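**Student:** For reference, the chains in residue letters:
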Amino acid sequence: MFTRFNQFASPKHFYDLSARLTPWFTWASILLLLAGLYGGLVLAPADYQQGDSFRIIYIHVPSAWMSLFVYVVMAMAGGIGLIWHVKIADIIARSSASLGASFTFLALATGSLWGKPMWGTWWVWDARLTSELILLFLYLGYIALQSAFDDRRVAARAGAVLALVGLVNIPIIHYSVEWWSTLHQGPTITKFDAPSIHMSMLIPLLLMALAFKSYFISVLLIRARSEILEYECNSTWVEELISNRSF
Amino acid sequence: MYAYWKAFVVIVSRDAMLAFRRQAELVNPLIFFIMVVTLFPFAFGSDSELLQRITAGMIWITALLASTLSLDSIFRSDFDDGSIEQIVLSRYSLILLVAAKITAHWLLTGLPLIMVAMLIGFILSLPGQTMQALLATLLLGTPVLSLIGAIAVALTVGLRSGGMLLSLLILPLYMPVLIFSMLAVENAMSELPITAELYFLAGILVLSATLAPVATASSLRIRLS
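Residue numbers (numbering that gives the first Met the number 0), protein chains in the order written: chain A, 0 to 246; chain B, 0 to 224.
Derived by calculation from the structure, the hints in this document are not laboratory data. Note that the structure is predicted; figures quoted are calculated from it, not measured. It is possible that some hints are incorrect.
Covered stretches of chain A (in silico footprint by chain B; criterion: 3 or more residues with CB under 8 Å from a CB of chain B, positions within the stretch not fixed) [claimed, not checked]:
| no. | region |
| --- | --- |
| 1 | 128-142 |
| 2 | 148-162 |
| 3 | 172-178 |
C-beta: ideal position from N, C-alpha, C; glycine also.
All chains should be modelled from the sequences, with the hints used to inform the complete structure.
**Tutor:** This is the structure in structure tokens:
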């Protein structure tokens, strides 16, 4: 089993595998996105309090979910790279960072656009907004640290330590900020027994969440492929790949 | 057991001796601290009622900035003259020696900072209960700053853009400490109990005291590999 894993983790194998997987995830994300947007923007009824402006949750909530999910992926991949010296894990951690930062930024931007008509201001120092902002700072710190090193191996391992420290800190930051102030509307979906969101609104939201996930995977694979080529630019298989290519 | 304790004490006293031979490095963060505190009345006006309300917060923010600036000295000189490699190669656990260096750093910068903060609080006539809360939060909070900061210093020491990068990495991690400290101080101002916040700060201190030396040691190994 371990040899299989090693084979999977070899950059060349991963490069070939990801080439085959990327179109699947790309198409899945396009189809889910279309279905989710149609369900969310056309089929779902307007909210009885917020009217049509609630529809921004179809972008806002999936990107907020992704912002945390990607950080966990990044820290886990970093940890795997740190402990077992798996090159692919380093590459995945590195390629996730700017994607995660974009999702976090998207969640903040859409939240702010929604906040203007609802709360009457672009920004309030509300707990969840603030902890999302701090998450963005954590991402930006990681990216800044990555770009400060010339040696990719050292960069990957230093980044992994930082991401793991951040992972330990995220719950502490979250609850401290929560305690400090809260104004955000309570969670409407994580209450498993009786979600206070109607099915016709919930299903498009879940479709959008899946669409965001497949989008993340397909872009991650594309980014990882170009990282692999840069990482392995001195190895023979990359040279063969480039010399066999007709431009 | 005794040998470990001795190694710990040797590192602490070595760092203390080095610091006392370069006293400017000890005093500069304190001068910076006093100067920044002086800036606040210029920005907010000399209205004493308003200043009274923000004094504790301004002392805390200034302490954060001063400790960020002084953090670099944990490993800087050892990194420059190569003695960090000797420490890494030593037969004692690197985690223990790193913990000793962090302790020394807190004793040499954190503790004087607290004393100056108390002096400032006294001069600006903070009420007794607020002073007590401020002292307790600083005592529990500043070691956390040194502990978390040490990880980031180990990652960035010797890099070109080290100083700026260091602040970017640690300020988000400092935010919980600031939040709990200010909650405690606010409660003390309205004469409410502050035990819950202090327990949280103590919890963060215990967590970072157990994990931060490990993370710092592995960061140092990464940098020197």
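**Student:** Compare the structure with each hint and give your call.
**Tutor:** Verification of the hints:
{"no.": "1", "hint": "128-142", "result": "holds (count 5)"}
{"no.": "2", "hint": "148-162", "result": "holds (count 6)"}
{"no.": "3", "hint": "172-178", "result": "holds (count 4)"}
In this structure, none of the earlier numbered hints is contradicted; all agree with it.
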